[in-house]
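Engineer: Take each chain as given, in its own frame, and dock them per the hints.
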Amino acid sequence: MAINDDTDYPRLTPPDDSYPSPGKLFRSVNDLTDDQFDLLAAAWSENALPDDSIAELEALFVSDPGKKAYAENFSKLCLRPYNDKWNGLYTLLRTRPAAKIIRRVSITMMAAAAVILAFLALWPVMERQTAIPGHGNYPAAAMAPEASEKAPMAVMEEMPEPVVAFTKMSVTSEKKELPAAEPEQVVKITPVIVNARPEAPVITAGIDSRELMAVNLNEIPASLNIPEKEENWIRKGISGLSKNIKKEKTPVDGYVIAKTCIKGVNSVFGSEMELEKVISENGDIIAVSFNSSLLSFSAPVRKSSQ
Amino acid sequence: MTVKEYNNAVREHGDHVYRFIFRSIRDKHRAGDIVQDTYEKLWRCVTEIEYAAVKAWLFTSAYNRMIDVIRKDSRLVDVEFYDDASLYAEESSTDLNEVLHHALERLPAVQRSVILLRDYEGYHYSEIADITGLTEHQVKTYIFRGRVALKNYLVKTSVWQ
Numbered sequence: 064m065a066i067n068d069d070t071d072y073p074r075l076t077p078p079d080d081s082y083p084s085p086g087k088l089f090r091s092v093n094d095l096t097d098d099q100f101d102l103l104a105a106a107w108s109e110n111a112l113p114d115d116s117i118a119e120l121e122a123l124f125v126s127d128p129g130k131k132a133y134a135e136n137f138s139k140l141c142l143r144p145y146n147d148k149w150n151g152l153y154t155l156l157r158t159r160p161a162a163k164i165i166r167r168v169s170i171t172m173m174a175a176a177a178v179i180l181a182f183l184a185l186w187p188v189m190e191r192q193t194a195i196p197g198h199g200n201y202p203a204a205a206m207a208p209e210a211s212e213k214a215p216m217a218v219m220e221e222m223p224e225p226v227v228a229f230t231k232m233s234v235t236s237e238k239k240e241l242p243a244a245e246p247e248q249v250v251k252i253t254p255v256i257v258n259a260r261p262e263a264p265v266i267t268a269g270i271d272s273r274e275l276m277a278v279n280l281n282e283i284p285a286s287l288n289i290p291e292k293e294e295n296w297i298r299k300g301i302s303g304l305s306k307n308i309k310k311e312k313t314p315v316d317g318y319v320i321a322k323t324c325i326k327g328v329n330s331v332f333g334s335e336m337e338l339e340k341v342i343s344e345n346g347d348i349i350a351v352s353f354n355s356s357l358l359s360f361s362a363p364v365r366k367s368s369q
Numbered sequence: 002m003t004v005k006e007y008n009n010a011v012r013e014h015g016d017h018v019y020r021f022i023f024r025s026i027r028d029k030h031r032a033g034d035i036v037q038d039t040y041e042k043l044w045r046c047v048t049e050i051e052y053a054a055v056k057a058w059l060f061t062s063a064y065n066r067m068i069d070v071i072r073k074d075s076r077l078v079d080v081e082f083y084d085d086a087s088l089y090a091e092e093s094s095t096d097l098n099e100v101l102h103h104a105l106e107r108l109p110a111v112q113r114s115v116i117l118l119r120d121y122e123g124y125h126y127s128e129i130a131d132i133t134g135l136t137e138h139q140v141k142t143y144i145f146r147g148r149v150a151l152k153n154y155l156v157k158t159s160v161w162q
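Here the protein sequences line up with chains A and B, keeping their order. Read left to right, the first sequence gives residues 64 to 369 (the numbering used here). Read left to right, the second sequence gives residues 2 to 162 (the numbering used here).
Okay, chain B solo, but in the shape it has when bound (with noise of 0.2 Å):
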């Protein structure tokens, strides 16, 4: 790759692959510093890497890099560790995409990950297999298990008729 289509990379998937990050961790900060750790990986191996497959080196490395985040920090608190009560006291929005956002902040991390990889930037499951480490069933079974748990949100919330 050379040094035009590193930035080419830059300017074409550096919003896509913080956007995933900052929906998937929800703290800019941190999310601008995985991209840039993920965009100063990219340059010190930019020989080594073909631009056709830079998307998803990029989207795989950024996945790790939140993951090392998510281990290393423990003021990142899982979903698991919220009680039914304090999940749907605070919504009152009744935009479906808004109300999905905020129903996607409470799945778990790698349910989170892989529905965004899906929704965001149209992956198919063996390509977001590859990019998490998952295998394709695995994929698929968090990607429908994250979308009931959007449901049963929803319906929590009465936004789902």
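Extracted from the complex, chain A is given alone in its bound form (with noise of 0.2 Å):
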């Protein structure tokens, strides 16, 4: 080893020394382990080898064509995908919103036309049920001190029973004495009753107690012809169809049929309507509320309709 002149910097020079056998640390393609081959072929098989890598393996494959069928395998080990769907995808869509909005509205207003929809439809059986007597009590009927004085009584007056007799008589000739009476036989017929009014005026609630005016006995008909309650086409039909069904008659329930239209509504579009009814603490059903999450409101309910 040699030491340069410069005293102020003194440093070593490389000898001239060199590896006794550099032959032997040189690699052809044909040394390569098989791990090396495979990551080799592996590249290859997915052209992602540089060109001179490629030259070189090519020209393995050239002198063992086994290598390249072997290499060739590689690109058999290609995934193919699943058809895997994720069911929960679709709740991730937005909508607009202006879609939004129009969307909980129409909701909301399909839900108010079936709830009016079907407090229309049994209105009439509503008010048929109140003018029929005989239905329930009616506590908040109230009558004015003048028109319950004339007001007329409701009592049934038992009438005294009426005997028909009948004589029998026999006519032998014009002018013939009358022979001696025969004992008269006297037949007795069953009784009628008339009953003048057969059933009592009920004065119901919502009536003006001003408008009740004082009737004579003889001027009430024998009989009220009270018409036979009468279904609207509605509950007719829909009883009809449970009837087919069922094959049995069942009422028809209006909060019920009420209730499934929201139902359906709620089912179709994902809405959270709800109809429920109040019950007093008797166990009445006093009102029937509507929620959602833009209206709510609370309809109270007659008796008569419960």
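Accuracy of the hints is not assured; some may be wrong.
[As the list claims (entries may be wrong)] Computed from the model, here is a short list of chain B residues facing chain A with C-beta under 8 Å:
hint : residue
1    : Val36
2    : Leu101
3    : Phe145
[What the hints assert, rightly or not] Pairs of lysine-lysine residues, derived as BS3-like cross-links and limited to a Cα-Cα distance of at most 30 Å, are as follows:
hint : chain 1 : residue 1 : chain 2 : residue 2
4    : B       : Lys5      : A       : Lys148
5    : B       : Lys5      : A       : Lys163
6    : B       : Lys157    : A       : Lys131
[Said to hold, decoys possible] Below, a sample of chain A positions facing chain B; criterion: calculated Cβ distance under 10 Å:
hint : residue
7    : Asp98
8    : Leu102
9    : Ala111
10   : Asn136
11   : Phe137
12   : Cys141
13   : Arg143
14   : Tyr145
15   : Asp147
16   : Lys148
17   : Trp149
18   : Gly151
19   : Tyr153
20   : Thr154
Hints were generated in silico from the structure; no laboratory data involved. Just so it is clear, CB atoms sit at the ideal spot from N, CA and C, and this is done for glycine as well.
Structural biologist: Printed below as a string of structure tokens:
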């Protein structure tokens, strides 16, 4: 080893030593281990090798075709995707604000329309039920004093039993003396009871007591032509359907119809609307309340419609 | 990106992102949660992301979320903890694709992910590098080593001739 002449900055200069057998360090493609060849083959199958590497590898394939077939098998190691689906994907979709508002308003309108339709459909039935006597008690009935004095008494008067007697007469000739009259044979016929007022009039709630007028007993017709309870066409139709299905006649409840409508709207549009009965301490239904995200109201229910 | 474009991104890429995550962690519920989180994140910054870049953004975000889940959850055992005897005992299928998917489950998470991105989505190495945060060279190395591991699995299950 020599030291240069520079005494200020002395430094070593490399000698001419060399590795005795450098040829042993060189490697050819044939010297690759199996793992190394696998890595190269994997890269070759994906066309990811640089040009010089490809040239060397293809030279090897020429000398050993079996290795080429082996390397080509790596191209089969490609995964094919399965048809994996996620059910919750469509919950990620977003709606535009305008569409959201339109959707909400339309749902609420439809629900309100369903409730109103149900009430309208049941209204005539309620009216008839209030007009038919003998249904429930009417605590709100109020009578003005003068009206109560003149009002007809709701009393069934016992009529005396009428007895009708018939006399049998026998006629023999025009001017014959009448034979001694046979003792009269009295036939008693079943008495006919005429009830002038078969049913007592009932004063119902909601009637202005000043409109009540006194009526003479004689003017009251023998029989009141009370129309039979007639159902409206919606209830009649639903009753008919349920009768066909269940083979028995079942009463139809207007509340159930309205609630079913709302349930249907909820299931179609995914809204959260509710129709609930409000029940008093006595167990009577006093109102029906409707709740949704935008609208809520409560409608009183007449006792006659319960 | 508009709301309409966001919804298109859900329809077009939602299943792909889910498939990538599900095949990576093999857990339907967690995969669904990760996809949901990813889209939630996308919705929060929907105006800042261009529609053209949304697919790469979704995969990157989902991949990062998945790595967080894997790190936090000790139940997701990585392949290094399996012993060889348990690896090959259960396989009986001869369908190559099915066997390959079984083999994929045994790979380390990173190798699994890069191979899925390469094979399922056809991403280039540089794109996979962007999604996973690796260098392109690392991606290539993981993919080639993953292929060799798959081949070794097939050899041991006698599917590789």
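Engineer: Hint by hint, work out which the structure violates, then give me just those numbers in ascending order.
Structural biologist: Nothing - there is no hint that the structure violates, so all of them hold.
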